Structures are given as structure tokens and as C-alpha cells.
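There are 2 protein chains.
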Amino acid sequence: MTKGLVVQKYGGSSVANVERIQKVARRVVGYSKKGYDLVVVVSALGDTTDELIELADKINPDPCEREMDMLLSTGEQISASLLAMAIQKLGFQAISFTGAQVGIITDSSHTRARIIKINVDKIKEELKKGRMVIVAGFQGVTLNQDITTLGRGGSDLTAVALAKELQADSCEIYTDVEGVYTADPRIEPQAKKINQITYDEMLEMASLGAQVMQPRSIEVAKKFNVPLHVRSSFNTKSGTMIIKEVRKMEDVLISGVTLNKNEAKITLCGVLDKPGVAVKLFKDLAASGVSVDMIVQNVSHTRWTDISFTVAKADFAKASKITKMVAKKIGAGDVLFDEDIARVSIVGVGMKSHHGVAAKMFGALADNKINIEMISTSDISISCIIKKKDAEIAVKKLHADFGLDTVR
Amino acid sequence: MTKGLVVQKYGGSSVANVERIQKVARRVVGYSKKGYDLVVVVSALGDTTDELIELADKINPDPCEREMDMLLSTGEQISASLLAMAIQKLGFQAISFTGAQVGIITDSSHTRARIIKINVDKIKEELKKGRMVIVAGFQGVTLNQDITTLGRGGSDLTAVALAKELQADSCEIYTDVEGVYTADPRIEPQAKKINQITYDEMLEMASLGAQVMQPRSIEVAKKFNVPLHVRSSFNTKSGTMIIKEVRKMEDVLISGVTLNKNEAKITLCGVLDKPGVAVKLFKDLAASGVSVDMIVQNVSHTRWTDISFTVAKADFAKASKITKMVAKKIGAGDVLFDEDIARVSIVGVGMKSHHGVAAKMFGALADNKINIEMISTSDISISCIIKKKDAEIAVKKLHADFGLDTVR
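Chains as they are written, first to last, in the numbering used here: chain E, 1 to 408; chain P, 409 to 816.
There may be inaccurate statements among the hints.
To be verified - Chain E stretches covered by chain P per the calculated footprint, using a threshold of three residues with CB under 8 Å from any CB of chain P:
hint, stretch
1, 59 to 67
2, 72 to 79
3, 94 to 101
Think of the hints as simulated: they come from the structure by calculation, not from any bench.
Computed from a predicted model, the values in this text were never measured in an experiment.
C-beta: ideal position from N, C-alpha, C; glycine also.
With the rest of the complex left out, here is chain E (with noise of 0.2 Å):
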């Protein structure tokens, strides 16, 4: 009898060297000595995939998606058969798979494939032989044996999606920092390490900045209930759980503030004021693959307004360039850019219950003269646009406004 199925997943900073996948290897022999059954999920060793991304953009800057996927996924699968490889060292039975031969199908959206289902019962198999499973992350495979893989942090949605599917009894997320933070440590060294948080606001910091953990496997793992510990591969302290629900002790506000410097805005003048004519610019950034994120349209006193939108840099050069020629074709007038913009976020499941929190994140600003060119709000976080040079004494403001720098 087994004392449960545990999956962990191993990012790249986790495995990047010899000595790393030894640690790794005898943590995870560790878990099988204590009689847990192991799944486990690795990335590509440090810095693989970029130096892969490198090498094609010298061969072809505009390279064919599938083909960046057959590249791409080698990386994964050398870091399992290497961890495979330390843990028969250390005596134990691993056996490790790509994605393909564990049974990830994907669809065929290369580069950032979706899962449609997963065939777990190898998996089963080799578990039932008393041998850990070592899946390489971030990849999967078409119904068509296409390899595809699963976008940036893709191998949190192999975790996940396997703890799901294998009934998990934990999903555990190793990384080199000890678990989500109220801000980003290196900028506030009063962060603190957050114990528990929702995936609802795991997801809001995820997608604001808060680089820990991919937003879709978050979600993936609110849909179907799988608690996740986000935890260090450097230590056994233990890091913080990603849960449907908190009970705190005390009624907190905001768990956390994120910071987000890879948006750039961009403001269309002179657009005539009436209903439609918006519609057209976003329609062609959507039809080109450009996903728009705060939009704010100036209250206009006459026939003409203005319209500011960000859009991640990444994608800045296309956005500039279709919203110059839309500018063109309805006739509107100038088109602004600015790089040097900085996206502060608080975020926290207490804002539902409590008014008053925008006034204070606008007031906390104001107190160090920090201007707002932008907000935009949900359920549960606030972001406001402001000037790049503002970004990190923002975050310090925010973070002692709202009490995060004492002790939870």
C-alpha cells in the first residue's frame, strides 16, 4: 500500500546542472522511501530553451511553429532521462517519457497547444512496477504524432494536468524562490512568503506580473480542484498553497502586489466619437494575433477622442503598425507610443467585501506624486498604468499602505 500519489514539478533553475538533478533525484527518492508513489514532471535544464530559441533565430527568425515545437521539446526530454538516469544511481527504478509516449494529446495550436486529453494508464503501469514516472513537461503530442508544446511555463500545465488526471493526492511546484510573495522580493525585501492564497488570486498576480506559476495551469487547476504547493527545490521549508479557499485568521485586504514592466502603450488621437468607429482597430489588432489589454477612451467634450490601449512589447511592433494604418483608414489623427510604462497591481479575494480600496491605492500614489495614466479594475485586483521610473517606489508605497509588510 501506497501512502498516496504525489506529482512534482521541477522547473529549469531546479535542474540546471549535474549537482542540481542529484538534489532533485534525492529529494524526490526521499518521497519514495516515506512510501509515496511519484510522478514527476521537469522543464529543460537552466537556460536550454532560450539558448534552442537562439540557435533558430539564427537559421530562420520567422521560423514554422511545428518545427519550433520539434526543437523546442528536445529540451524537456533530455532533463527526464538525466533525472531518470540520478535516480538509478541512487538505487531506485525511474523510467522517464516524453510527452508523446505518456498519452498528452494536444491540439495542433504548435507552440501553444491546448490538452484535449491525456491516456494515463501507462503511467499507471510503470507506478503499479514500483518505478517513478519522470515526465518531460511543457509537451505534448497531436492525434496526427505531430510534437507540439504548451507555451511559456508549459510543463506547470503538464503537472497539474497529470495530478488531475492521475487523481493526485498532491501537486507539488518546485522553483528556486520559497512560494508566492506579497510583492517581488528583490524590489521589496519586506516581501513576505504568502502561506495560502486562492487560485482566483493566484491567478490575478499570475497574469499580472507574478512570474511563479503559468496562468493557464492555474486555471486548469481552479477548474478541477487540484491544490497546488508552490514550493523551493533548494530547501524543505514549506512554500505556499494554491487552494479554492482561505480561512485567515485575521481579515487581510490584499495578498499581494505585482509590478509588470513588459507592456507598451498606445494611443490613437482624433478618433471620431462615435459608436463603431472603435471597433474596427481592435477587430484588426485580434485578426493579427494581438492581444490587447487595458483599453481607455477619454471622456471627449466634443466630436473627437482619444483612445490609449497596452498591448505586451512583444507584441508592440505589430500593434503600432496596424493601429497607424487603421489611424489612416478612419480618417483619425495622430498615433502616440510610449514604452516607458510601468503596470502596478494589487490584488486580493478582501476587496470583494470592502470599499474603498481604489481611493486607497489612488491616494498611496499621490502621496509620492506618482501620476496614473491608466486603470483598470476586476473582481478581485486593480492596475493602474504609470510612468516606468515610478514602478519600484510604487510597489514599496503599496506594499506598506496595505499592511503587507508586517509579519501574517
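Here the structure of chain E is known, so what remains is to put chain P in place on it, guided by the hints.
Quick look at chain P alone, frame taken from chain E:
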């Protein structure tokens, strides 16, 4: 209508870096422009395979062979996808496949798997779509979906097997030399490129030390009469044709001289000279996977005799241990070791119909006062074990005496 189907194989040095991959892409596209269908087999980039082996060795010096295959197969997957991208960059259609995807089914002898069957439907389908098909060499998959590799030089075998199965019009093996030479040009600058050579001669030469092609792939080419063209990827000169029968302008006695410094000699002294005693030794060696090469039993004038044999250096430690154990068990005398040997061989179908070739060889070596320690012969080759220090001189002397220095 296409002009025909060409299978090309590019070795590791031909795809060692971005520039060389681009060069291969231009060559492949050149063939396509001329109207040929193309199936291209690639090895791993440069020293990738050795680097992966080194990495594995640090983690587990005695790694599970299944996991080694998982690891090593990534090298060819990387080069296949990169070559496809490079071809696409030139504006042509290409698609890459792993051995598994392309249906190269093997047995489960990991690290040295044998091909059972190949299902070429997928390749034919892609060729019909007007695509160049790039196949990761060196690898296959078992019926149980485990990834296998075909042993060192296995990409040659992939190419030959695909050429056979696709009934290709030609099979070109691209490498960093211009073809098969009458001797290693680094030893004998007078060595000449051989324009045509028979499968049997090539097989002998490859087995005896010429490293141009993997022996197993030549065996398969011979069996199915697949004509091979070994040539350089750095220029467009024609290389060496490996075919069934060679029509020569004049009678050529010897096609080439080969040298192998990767063997060691073991001598078991004082063995009782009666039937069945030696059997024990070679049974034990075979049982532990050591492949014995030359065997010489001295003519004895007493009840006792000496047995000498050679093994690959890689097996030397294992073979030594076993021989010592057997010596003890059968009450033989000392075991002597000699790593300081070389095997020099002459190869040629011509010797079948000519007498005195062996005598001429021994005479040539005697002229230079080179002592012959062991001799072995086949239908089309004669090998002598000599001191390693005499190896280069022996090659040069034989090359000259058998008339290989003169233009063919």
C-alpha cells in the same frame, strides 16, 4: 513528374554549426530545383552526441540504456528541425520527423537496436505534397513506443534503410572527406580517392578501421543492392560509389590499406593443448559481451600452448579480468597484455584471383624490419598485427608496394 527520389545523409560535421546547416539547406534545395524528390537524414550537430554522453556519465557512469537512448535521440531531433527551418528560410517546403514519427520500428536492444520494419507511408504522403522530408537519423522506436538508437554511425543505417524501403534512385552519404581513400590521407598523403568500390571491399575496409561508413549500413546496402555515393558536403565533386561490382579499366589487386589502433592483445600462456580447453575462455568472453577479433594459437611442441587474441580497447578491461579468472580455473599460466599494437590490413577483391598477395605483404613489412605478431585473412583481406610504433611506416610501404600511389 519528378526526376526521381534521392536520399541524402549528412553527418555531424556537415551540420556542425549554423553556417553549415545553411549550406546543407542550399544543397538540398538545389537538388529540389533540379526536380528531385528529397529525403534527408541528419546526424546530431557536431559533437552534440559526445557532449550528451559526457553529461550522462557525470550523473550515472553506468546509465540505463533505455534512458541513454531517450537522451541521445534528442541530438538528431534538433538538427532535423533546424535543417527544416533553414530550408523554409530559402522559401521551400520542408518538414522534419523523428525516427518514431516516421515509423522506423526497431527491436528493443537499446543503444544498438536493429530495424524491424519501416512504414514509409508518411514520408510518401509528405513528398506528394511537394515537401522535402528531413528525418532524424540514428533512431527508431519499439512497438512499445520506447525510443531506441541504432549504434554509432546509425544515421548511415537510417539513410540506407529508407533508400531501400522508398526504392530511392540514389543514396548519398555526405561527410567531411571526399570519399573512400586507398589509405588514411593523414598518414599517407599519396592516398587516392577510390572512384568505385564493391560492398564487400567497403565492408572489409570499414570493419578494419576506415571510418567513413558504419559497417552495418553497408551490409544492409549490399543485401538490398542500394547503390551508395560517399561524398563531401563541402564541395560538389563526385566521391566514391559503393556498388555490387566494379568494372575496372585495369586489374586492381588491392583497393586500400587500413589501419586500426583501437585493439589490444591478450595472451594466455601455458594452456593444456587438448580439445575443449580454449572453448571455456571464449565462451566466457562471449557471455559477457566481449567480441574477440583475431585469435592465434601457437603451434606447440609440448603438451602446452599459448593462445593470443585481440579485443577492442573498450572491452580490454573486461576481457583482461575474465581471462585471468579463466586462467586460474583451468590451471593455465601467465596472462600477458599488450596495448601497444596496431592492425594493418590490405583489402581488395582482386586478391581472390591472385596468388602471392600475402607473401608480397609479408615481404613488404619484412623489408622495413617490421615484425608480424599475428595474421588473419579473409577472402578479400589480409591483416597483420604489428607494433604500434611501426604502424604509419607499414601503411606507407604497403600503399607504395601495391601500386596505390599511382593515379588510378
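Do the hints match the structure? See the list:
With a threshold of 8 Å between beta carbons, the proposed coverage of the stretch 59 to 67 of chain E by chain P holds, since 6 of its residues qualify and at least three are required. Look at the stretch 72 to 79 of chain E against chain P: 4 of its residues bring a Cβ nearer than 8 Å to a Cβ of that chain, three or more, so the hint holds. As drawn, the stretch 94 to 101 of chain E meets chain P at 5 residues by the rule of a beta-carbon pair under 8 Å; at three or more, the given contact holds.
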